[in-house]
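Student: Spelled out, the chains give:
There are 2 protein chains.
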Amino acid sequence: MSEALIQIGVVGCADIARKVSRAINLAPNATICAVASRSHDKASAFAAANGYPLTAKVYGNYEALLEDPDVDAVYMPLPTSLHLRWAVLAAQNKKHLLLEKPVALNVAEFDQIAEACESNGVQFMDNTMWVHNPRTASISNFLNDQNRFGNLKSVRACFTFAADSEYLKKNIRVKPDLDAHGSLGDAGWYCIRAILIASNYELPKTVIASHKPVLNKDGVILDCGASLYWEDGRVATFHCSFLANLTMDITAIGTKGTLHVHDFIIPYEEKEASFYVGTESSFDDLVTCWARQPSKCTVKTDLPQEALLVKEFARLVGEIKYRNSKPEKKWAVISRKTQLVLDAVKASIHRGFETVEIQE
Amino acid sequence: MSEALIQIGVVGCADIARKVSRAINLAPNATICAVASRSHDKASAFAAANGYPLTAKVYGNYEALLEDPDVDAVYMPLPTSLHLRWAVLAAQNKKHLLLEKPVALNVAEFDQIAEACESNGVQFMDNTMWVHNPRTASISNFLNDQNRFGNLKSVRACFTFAADSEYLKKNIRVKPDLDAHGSLGDAGWYCIRAILIASNYELPKTVIASHKPVLNKDGVILDCGASLYWEDGRVATFHCSFLANLTMDITAIGTKGTLHVHDFIIPYEEKEASFYVGTESSFDDLVTCWARQPSKCTVKTDLPQEALLVKEFARLVGEIKYRNSKPEKKWAVISRKTQLVLDAVKASIHRGFETVEIQE
Chain A
1 MSEALIQIGV VGCADIARKV SRAINLAPNA TICAVASRSH DKASAFAAAN
51 GYPLTAKVYG NYEALLEDPD VDAVYMPLPT SLHLRWAVLA AQNKKHLLLE
101 KPVALNVAEF DQIAEACESN GVQFMDNTMW VHNPRTASIS NFLNDQNRFG
151 NLKSVRACFT FAADSEYLKK NIRVKPDLDA HGSLGDAGWY CIRAILIASN
201 YELPKTVIAS HKPVLNKDGV ILDCGASLYW EDGRVATFHC SFLANLTMDI
251 TAIGTKGTLH VHDFIIPYEE KEASFYVGTE SSFDDLVTCW ARQPSKCTVK
301 TDLPQEALLV KEFARLVGEI KYRNSKPEKK WAVISRKTQL VLDAVKASIH
351 RGFETVEIQE
Chain B
1 MSEALIQIGV VGCADIARKV SRAINLAPNA TICAVASRSH DKASAFAAAN
51 GYPLTAKVYG NYEALLEDPD VDAVYMPLPT SLHLRWAVLA AQNKKHLLLE
101 KPVALNVAEF DQIAEACESN GVQFMDNTMW VHNPRTASIS NFLNDQNRFG
151 NLKSVRACFT FAADSEYLKK NIRVKPDLDA HGSLGDAGWY CIRAILIASN
201 YELPKTVIAS HKPVLNKDGV ILDCGASLYW EDGRVATFHC SFLANLTMDI
251 TAIGTKGTLH VHDFIIPYEE KEASFYVGTE SSFDDLVTCW ARQPSKCTVK
301 TDLPQEALLV KEFARLVGEI KYRNSKPEKK WAVISRKTQL VLDAVKASIH
351 RGFETVEIQE
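Taken in sequence, the protein lines are chains A and B. Under the working numbering, think of the first position of the first sequence as 1, with each following residue one higher. Under the working numbering, think of the first position of the second sequence as 1, with each following residue one higher.
No lab work stands behind these hints, which were simulated from the structure alone. Some hints could be false.
What the hints assert, rightly or not - One-sided and incomplete, this derived list gives chain A residues near chain B with beta-carbon spacing under 10 Å:
1) F149
2) T251
3) I266
A quick note: this is a predicted structure, and the numbers were derived from the prediction, not measured. Note that CB positions come from ideal geometry on N, CA and C, so glycine has one too.
The whole structure should be built from the sequences, with the hints applied where relevant.
Tutor: Shown next as structure tokens:
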């Protein structure tokens, strides 16, 4: 029995909404039914430029879209500082919520958003696309394989890119009243998520920010890093920056295996993505070369990872809408852990690189 | 005009001496003229098992070899704690010195060894083989290229391998009275050298050891890491371990470029070695894939890197012996900087992960 497509409204016309609009169009179980901007003209032009269905409604303010009874769910690419207000209002209007990351200014705000979703029975998911690439499941399988990887000892993640001078002046990610977390919220969010995946979502016990973060004149982080420690000796480090060449690595080293990924957030290609695994890597007898070298694993995907995210989100919404299921909580749980680590890194920076304990 | 081969004596029959003996045999300008062990039988068996020339003399003690007037230079693979005594004696006997790493128990001992070499006019070189691979010069060229790499922002090095239980019980690298630096001296030495190469041999200003180092019951480091900071904002981190799968990475990120190396100490293959470079890496317009991906660079070598090291060492010895040149000082300078950073990491560990300033 076929069910109607999940009707998604897009709240805000940020640049990232172009990519996600295409993803909604590609997802087989969702469609764009409405778009809102603070300007009707802007919303209208955005719809036209991004292949929206002719049936999509255009709103000149967010409230009207959130009150539209035809809208099942919203995708919300607003700046972080606006999330609390609009995400809570969306939930109160019973709209399922696909929320752009970083989710909140701090975990207290995160919890208000999550609570609004829970009490209104709506699905929450943050828009961390790469975890929906089938490659990520393959990576997780490797990292959880006692025979091939063993136990995690250390994991390193980095995401850097060289923002141009226009970006460093005007982008919402360098403005304290918009995406106030700077590179930590934008790039660091992904690094933290990668570290959580590698540690099987166990939160670290303590976090210490690296010295020498770079802040802009308004105090927004442009470049920073941190070390994360678990009680059993696992160590993670990450580096996130707007000031260095585009690099996106995960290196995870276990007692028996090693993982390398060089394009973990945006794969080099849309249709396939690779990673490198070594298991019981070793030298030849005279230690002049490797006897067991790492090998390359490639995972194909028919849909881009962001369309797979939309497909999964819409599937969960459909389960609730058509089969009275409860919302899937794991996405809020994972997202909250990411936020907790992010908050701890900021706290460590603000306290002069002190050790900060993570409290769940 | 052809000059006689440089006559090298091997002082100690450690496992690593097998590889270096082969390298001396392969180097076109050097030959093995003698070998010494504390046991004549062991030295004799070692010579036979490692293809020594039939003319090579066999000594049952180190002094006799060091006093042999036919010996131009020695390769000394003794445990670190014995270096001060035997390296100084070698220099006093006017033997040029190829010394196994880690060089000394601390920089004070290092300086005594270096002073002995300098005052006796002998060449000093530590046995860090990978820097003599032609790939390393190509890597340095990339890192120093303003157009392709820009300015260094962060560098990460790691060298881990999973030592077996026999190694963890009996190897000299886990014994406080032998190679007392443990994984920091053995694996960390290489990481520190890689970081120094990436920072153009400028010493960091401060060093902080990572929390959660693993020590054995005798207090020898089995697993540790550190962060290194320069005043201009460059950051380096490294991780070295006997307790994790074989991994040897350099990741250097500059304002314009990125370097990845995955086999920096021992290349996967003897005859060629690769690295990956990205320059002005970027996404496509919709940020769904990369517009400029990294590329692979491969460097071939006719001789293994350890034979190239011996060749360079013997060339410098020949310059001194046949042309009255002065010893090349850069190898002692680079080696001393490596030792200084190593000492600072140890100090930070011993002081509870305090920030330690490096003083040249």
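Student: Given T251/A as an interface hint, is its Cβ closer than 10 Å to any Cβ of chain B?
Tutor: Hint on T251/A: holds, closest Cβ of chain B at ~6 Å, below 10 Å.
Student: Do the numbers back the hint for I266/A, that is, is its least Cβ distance to chain B under 10 Å?
Tutor: With a closest approach of 6 Å, the I266/A hint holds.
Student: F149/A was flagged as interface toward chain B. Is the shortest Cβ-Cβ separation under 10 Å?
Tutor: holds (8 Å)
Checked against the numbered hints given earlier, the structure satisfies every one of them.
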